[in-house]
Each structure stands twice: as structure tokens, then as C-alpha cells.
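Peer 1: Heads up: the protein sequence lines correspond to chains A and B, in order. Quick note on this note's numbering: the first sequence kicks off at 5 and runs consecutively. Quick note on this note's numbering: the second sequence kicks off at 251 and runs consecutively.
You can trust all of the hints, since none of them are fake.
Within a straight-line C-alpha distance of at most 30 Å, the following computed DSS-like cross-link-like pairs (lysine-lysine) qualify:
#1 A/LYS264 to B/LYS462
#2 B/LYS462 to A/LYS145
#3 A/LYS621 to A/LYS460
#4 A/LYS264 to A/LYS145
Just so you know, the hints here were simulated from the structure itself, not pulled from any lab data.
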Amino acid sequence: MSSTRDRIGVLSVGLGLGVLLLCGHLWLLMVQQQPVWSARSHENRWAFRAVPSQRGSLLDRHGRPLAVDEPTTELAVHYVVFRRRHPIGAAVHGATLLARLRAGDQAAEYRYVDGPRGPEMALQDLYALPLRFLARGALPKQVASELASAITTVLASCSGRSRSRVFAAIRQAALARDERTIADLAEPTVAEVFPKFRERWAALRQLDAQLTVLPSAGARGGEEADARGLFATLEFLRRASLDETRVTWQQDGEEKVGNKLEEIARTFAEDVPFDLAAELRVAADHFQGIRVAPAVRRVRSVAVSPLRVLLGDVVALDRAMPSAEWLAQQLERELPPDWLTDLADTDEAGMAIDRDQVAAEARQTYARQLLQHERRGTTGLEAAFDDELTGRLGLRLVEQDSRRREQRQWNHLRVQAGADVRITLDLDLQLAAERATATAHERQRDAHTANRDADKVEAALAVIDAQSGDVLAYAGSPVVSGGARDLPGVVWVLNGALGSVVKPFVLVEQLQCENTGRPHRSISTFEPCNDAFRYAGRVLRCSHAHWNDGIDPVTALAESCNLFYYQCASGLLDDGLARALRRFGLAPPAGSGDPFAACWQPTVRGLPVAAPRRDTKFTDLPQRAVGYGVEASPLHVARAYAVFATGWLPTLGFRPEARPRVLFDDVVSETAVVQQGLRACVQQGTARRLPLLAELGVAGKTGTAEVGADDQNNAWFAGYLPHAAQGGVQLCFCAVVYWVKDRVHGGEAAGQLVVDFLSALKADPQLHRRYLVPEGGR
Amino acid sequence: MNVGSPDKKKLDVLANVDGWLVLATAAACLCGLVFIGSAMGDDPRFAGQQSRQALFVACGFGIGFFLLLPHYVHVLRLAWPFYGACVLALLGLPFLAPEINGARRWYAFPGFSIQPSEFAKLGVVLALAALLRFKSRARTFDGLLVPMAIAAVPALAIVVQPDLGSALVFGPMLMAMCYAAGAPTRSILAVVAFGTGLAALAWVEVLHDYQKERIVVWLQHWAWHEGNLDSQAVRDVLRGPGYQPWQSLIAMGAGGWTGFGIGQGPQNRYDFLPYRSEDYLFAVVGEEVGWLGCVLVLGLTVALAHGLLVIAMRTRERFGRLVCVGVATWIGTQSLLHVAVCGWLVPATGLPMPLLSYGGSSTLATLVAIAICLNIGARREPILAADGFH
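My request is simple: use the sequences and hints to build the entire structure.
Peer 2: Here it is in C-alpha cells:
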């Protein structure tokens, strides 16, 4: 047998071997695998923090804000905290756990509703729980722990005692293993807890009521899309908590599973008023699990209105659901490759960092944060100028502690605000146009006796600067979609049959053909207007017999004599009529060699409008000369009339910038005749009953296109002011009221709309000086 | 004072005290104070730990000094009463101790608390040494049953606290002392087999769910690699039962050769390491002074245990020899287990590193045990009888 000394030697060797084994393990861990663990250490404490950018403002032509970002607050529920720390959440959760322990009651649930299975009943049921169930071994450990935690939360929150004190009291009482229940606890007493519990429940209900009336309250789409308010969100999350629902998403064709829904803060109210947010902040101890977070909202200068539709909507990127390609482009644009490369340069422990990994993580984080924090214009001008308006999301590489508190900043990508975009609209002018269209719409709608007809009435007014083509105002009524998710109404986007406002363009062509000898029928051969024109066995009529007025180009235009234009059409034929429209951009170019190709209005960013078109299938040739089969929007018509105001065909645009325009120097004499006719129209022609137009020197043309089976009309008026006002702006406008009653003509409906609009300008000293007085009165 | 007076004689023993062992002890205590200070940082939860630990160390050295003076035969006389007091104290815990973090381990007094399990280790060592100092006791398996019972009673009382980590130390202590006492190897193997059987039984009957979970997670973690670390299942484990050992691994692994520097370890500084002044102190050591620092600190522990074993080898009297073996095994095993827990070589369990980790009871018990061993080493008693003092 070995000696004691030998045995102690063996023990000593054993100890040494143990130490050697440990040293070997530590060497592997700390030396061999150091880079791996160092990277994990970095992952642990390094974080990318996003700094949401401010979106640029949309400004009117005078720099007044139309849409701006404004700080606001939003509310979110972090359900796992709510059910653990809020007495209501704890009672509902605890009672549900308890109920499900009972045989045959596995589907039992308590809810965030008043009455049976509500929070108060949940508390009563918790109070009925025998304390011995909380003793060790009586229930499965996790259930016992959650139950004890829930009861502790309720009793501590509603009695003002510390959690540890309440918990110790419960555990102490549980050790007795007798039949006493939670209600038998010496402290806190039932009488203490219940009133406070009811107060907390009432406070939640009051909050829910306050939030439900907010327009922004509601869930964020998806399966709970119909959920609105606090309780709807709590109910959704409660079910998700019981089912342990997790976030899932698709990545690289695989379904990925993420955190439990209850572990993620879920926004349920945005644009929360400051007072309410401040109240919740101050009383944070009474609203555990409900977070007040700073956010940004888009504030518009108008509510539901045509301008609001024009401005469009901005939504969070995660709700806009951009395509993967778009996201990749954004990352390409906003994450400079050199920044990613330099990201780890400043790291004092940079040796251990896998730069590629950091860069990849930065990209992932950026993409995720982009979706979470950034917004995108989905409609209107917000969408059209999204690239300029969108800023660059900032990203900071920081060191954080275990509670995510930032300790140090390593590197950052500076946040950039989006650029402001100034557009050509004049807010005052726009509002005046909106009021005028709304009035016209209401007036003509009320004139109908049948609801079916009344519903079809729409009014629109386009006001542009004849000199530059700037769109100054663009209004329509009704506003089809306040949310602007859909395109605005017919008035805005689609074309309407033009009627007689097309006649000036035909007249220019007729006169030029007379000068150049292109196929035509000479005006000298025209017959006086006797109210009837026979064509292909049909009788086409005029409003009344104009007799010899119908063979004078100026008078025929002023009186809008159809027979004159029927006869023009018989000579110009379809080619000539098409040329008349192409010259003014009211028909698409006829191939690449078309001399009028430059007259076609290109698509304009942010301008929701259809291109003009001709339809020759269902109309006879003479009818096309008086506007049938020719369809355009008021904006295009206004543009075409700008030629008569300035001799130039401008290019429409929403940005105050130089744009190409077409000089009409080949038809100077012809346009002069038209100008006379347009002036005469206002002074003694079809628009003579609108004296304000004559007073302001407006030159214009009425138009009436019969479009309905019962002779319902499209009523038009297009014209311009005779002079440039302040800043060289010369107003040119076109108004239309669709589906007016029979016998209501362009002058009465659309002309009156323009009069209302100009009256508003005249009544406002600033607008008067800005637009009606030559050169602003200088 | 007259030469040869009793007081002079008492003080003469100090001249024979193993200075290197005192130095190693002091160095370990100093290391502990440094790293406890580092672990504290400016975290209010750990506020005052360093100064309190310094106070415990000072008290330990003071008590140790006075324990050096009387002959250790008095320790032998007090061995059984001390063991009995420890067992009683452990048995009284469920009734008298307050519940803290779900366990009843401490007797609370105004301003301080006492953890009887730490003193029970010393009690068991003394009791076993007192029992096994008779050569005949350890020679047969039957003779080992009483020592097993002596270790098992406090160990079981500690397991039910629950404090599995502390209880684990009793096994190696028992085996080492039996082995040093002359127990045949087969008897030791039988004890190991018996212990394994007990462990299996414990899995079914004694271990709590969270303790089983720690073992399951420890078994799982060997299969983790870069490919599956991002899976939700692993992430859930890392946020739950695997959090503490994983963070400890990160801290130690990132330390490299020389570490981040004292007070600079990010895992420590940024509060990723839980219980870092107690159960995971060595992770702080690894992160801040790297592998070389770890080897130095482990070297201190080895020096300490080795010094105690050297005293044991030098001591011819059996009680003193066995006490030194027991204390060396206690300090060595507990230190190695602590390091192994920090490196996740064994399932996570709360075990302080002797003399380094924060804890008054642990520090005092260890310093008292070392003082007794120093006393034994300083006496160099001749063998008066085959069975020691008896």
C-alpha cells in the first residue's frame, strides 16, 4: 500500500492535472478562438442606431408650406411588460393561466372587456386562489412562478407596497399549505386593492376612449387591420401571447421565425396630442407596458381638399411595402461604400473585427431601420418628388451596455434632411379655385332633379401662367378620395368632350389653310347660318340661326356658330382638323416627322392628368370641328389657350423652372383673328352675360358638349387675362362643369365658375394686386 | 517578558509559519479586491463591495492570526461541536432564514449576513479529519460509510437551499480525505459509483427544473456553431437559461493573451456579466488580464493548494495532515469548479472563487481554514501515537 505522502502526492498531481486541463481549455478559448469571441463581444455591445431623417417640405410658389414634417408622439404596447407589470394585464393573464389549469377549461380566457371574463372578474378569481397552490411543487414551476408574479403585480401596484414585500408575504403564507386564499392575506387587504384596481381599469378605458376618436388611432394593417384603439390592440396581443405567436417573414425563399409578438412594442396610436402624451409620460408608473415614443407626422396646410389630393400621402416604408429592387437602390444610393469600408477604422480593437461582417450588418440594419423609420410618398406630389423630399437616414455605430444604454459612439453616417420642394401652385389662388369649383359643383348638382344626374356633376378649374406654363391652381369638386390612395376624380384625371372651346383651334387652321392653300373650303363660300347643316343625310344643328354672323370668323367664334365650323370641317377634312388639334397639343403627334411634335405636352412629374385624345369612330366629321370626339382635361385646354394670350405654347409644369415653349410665329395673323373673336365672345358673344369678364378684359370662349341621353352637357369656359401681372404672371384658365342640366351652357356653368374665381381674386387686395393689375400696379 | 514564558512560546510558533503560503493567501486576497473593484465599476448594485471585502479580509487575517497562537489540538477538540453547530445552522435555514432570490442561504443580521454552508465546508473537513485520524477507519468500505454520512448531511441540507454548487465541493473533499487517510482505491471507486448513483437519483428527485435546464443547455451548447447560433431556438436559449455562461464565455474568449486591462473589459463594464463579483469573477479576470493573467491567478490558487498539500506531507500527525488535505481539496476544487463554470466546461452553478470572489462568509471560512493549516504547519509535531493525539 502506498504511503500517505504518496497519496498526497497523487492528489497534488491530480490538482496539477486539473489546472493544466483548465489552462489548456482557457488557451483554446482565449487565444485560439479569440477572434471569434472578440467578434461576439462586439456584436454584444455594438449596435447601429438609426436617426430618422426629416422629410423635405412642399412649398407653394411663394414659399409657404403646403406639407411639412412636425414632431409628434405615438403610443405602443409592449405586451410582455404590460401583462407582467400592469395590474390589469397581470390580472387578465394570471386568471387565464389559472382557469386553464382547471380540468375541461383549457380554452378559458379573460379579456380586456367589461363584465364577465373581464379584468374585475379576473381579479376576483385570482383572489379565490388557495395560497397553498403557490407553494413549491404544488403547480408546475413556470405556471406557479407566473401566477405568483401576476398576483404580486396586482397587489403591489394597487397597494403601493414594494413587489419584494408583497412577494415575500405571499411565499410566507404559501408555506402554511392551508386553505387560506389570496383574499385572506393580512396585507394588502381586498379593501385596499379593489378600488385602486378599478381606478387603473377606468384609466385604461378612458385612454382607449381618447385614442379611439383620434383619426390616426388604429393598428398597422395585416390580420388585425380592423383593430382600432388600445383594447383592440391589447386583445390582439393577448391572443398572440397565449398562442406564443412569433413574427415570421420570408427571406431567400425560406420562412424565418423571429421574436414573439408580445416581445415587440406595437404601435397602436400615432399623432397623439401633446397633452395626452405628456400625461402618459408623467404617469408612466400607472401605464406600465404602454410606451410613449417620439415620432414625426406630415402636416398639410389643408384638410380634405383637391390640394390635399394633389399633395398626396406619405406612409411609413414598412406599410408602403417597397419592392426589393427599390430597397436595393436606396441602399446603393444612401450607404456610401467607402463609409462601410471605413466603418471599423476608428475601432481601437479593430484587429478583431471582421469588417465585411460589420459592413454586412450595417447594410442589414440600415435596410431594417429604413423600413421602420423612413417614409415614402405614395401618391401625388409626395410620390412625384419623393427622391428630393426624402432625406438620408442617419446611422450611428455605438457601444451600448446590457440595457441598451448608449455608452460611446464609434462612427456615424450623418443624417440628412430631405430637400424642400417648391412647386408652382399659389396657395391663395388654389384655395380660391377650390372654393369656386365647390360652389359651381354644388350649384349644378342642385339644379338636377334626379339623384343619378346629380351624382355625375363634377367641376374643375385649371389656372396656369400663360407665359411660363406654371400650374398656379388646379382644383376639382368633388374630391373623390381624401386619403389619396386612389387617383382623384374624373375631373382631374380623365378627359371630357370639349365642345365649342375647340373652335378657336379649328379657326386658326382654317385661316392658315386659306393663306397657305392647304385643302380647305374658303370662308367666302360659306353659307349663312340657318340653324341646319345637312351632312351624309343627317341634319346637324346650330344653337340658333346666326344668318350672316355665321360667315364672319370673329362673330362666328364669338357667337359660337356651329354652322361656320361644320363648313370649315367640310373643307379641312379630318387631316386638317387633326392638324388643328396637334398644333395646340390637343392630339398626339402623328409620327416622328410631325412638325407639331414639340407641341405635345410631355408627362409632368406630379401632374395627375390624362393625355388628350381624339375619337373619330362615333362622330361625324363636322361634329369634330365643334368639339365632339375631342377629349382633353381643363389643364390641357388652358395650355392651348395660352397661345392666344402670348403667342407661345408653354410646357406645363409643377416646378418653377425654365421649360421649353413653342413659338407660334407662323400663325400670328390667324391668332389675332381668334383673339378678336375671344374678346368679342366675352363682350357681346356667348359669355356676354358675365360682365366681370368684360370688366377685367378677359378673352375667352364658352363651350357646351351634349354628352347625356337627356341632353346633359359638359359646360366649358377657357380664357385668359389680357396682360401679365406681378412677376410677369398672366393668368390663363379653363373651367369645366360636367353633366350639367340640359339648356345650361358653358357660359352659365363654367363661365360663372370663372367669374366666381376672378371675383375672389378681385376681392382680395393681395391677389388682386398679384394677378389682376398689370405688372402688379407698378 | 521572561524567555520561555507561555506567551513567548505562543508567539514562537509564528516564526515557523509558512511565509510563502501567507504571501500567496494575501496575494489572492489582493487580486480579489482588485477584480471586485473592477467588477463594481460605478454600478450602484455593487456599491461598497470592495470595501466590505477588504473588511472581511482584514477580519479573516485578524482571526487567522489569533488562531495561529493556540495549539491546533484545541481545533480537534472543537471539531465535532463546530460540525454540529454548522449542521444545525444549515437545518435551521428553511425556518429562520429569509428568502432571497428564491433561496434560503443566509442568516440575516443587522449590517451583515452569514452563509452557514461556507463554514460547513470547514466543519466537514474538521469532522472528517477528526474521524479519519484513526488509521483503521478508512481501510474498509464500511469504515467509509460514516465519513460519507458526515459529508452527506450538510451537503443535502445545502442542496435543498438550493445551492447545488456549494454541495458539489463536499464530494471531492470527502474522497480526497478518505484517500489520504489510506482508503483503498476500490473503496474510493465505490464511493464514486455511489455518488454517481446519488446524482442520478438527484436528477429525478432533488434537482429543480432550472437546475436541470442548466444541465440540458450545457449539453446542448457543445453542438452550437456559427451556422446555428442565429437560429431562433439558440437565440431563445441565449436570452434565457444560457445567458450567464454565454456572456461569461464571451468575456473570457475576448480577453485574448493579455485582456482589455483592469476596469476596461466591455462585458464587465457594460454589465453583460451577471454576478460578476461573485460567481463569475474569473470571467472578469479573463476579460481584463487575458490568458496570462488567468494563468497567474490560477497559479496563485495552485500555489495555495500546493502549499497546503506540502504542509500535509510535512505533517506527521494525522489530524493535521488530513485537515490540510481537506482544505487544499476544498480550495483547489472550488477554484477549479469556479473557473470551469466561467469557461462553461461544466454546467452553470453559483460558486464563488475562494479568496477572490466577493463574500464575507466564504472569505472568512477560507482564511480561518488556511490559518488552521498554517498552525498545523508551524507545529511540526512528532508522532506521539499511531492515531495522532489520541
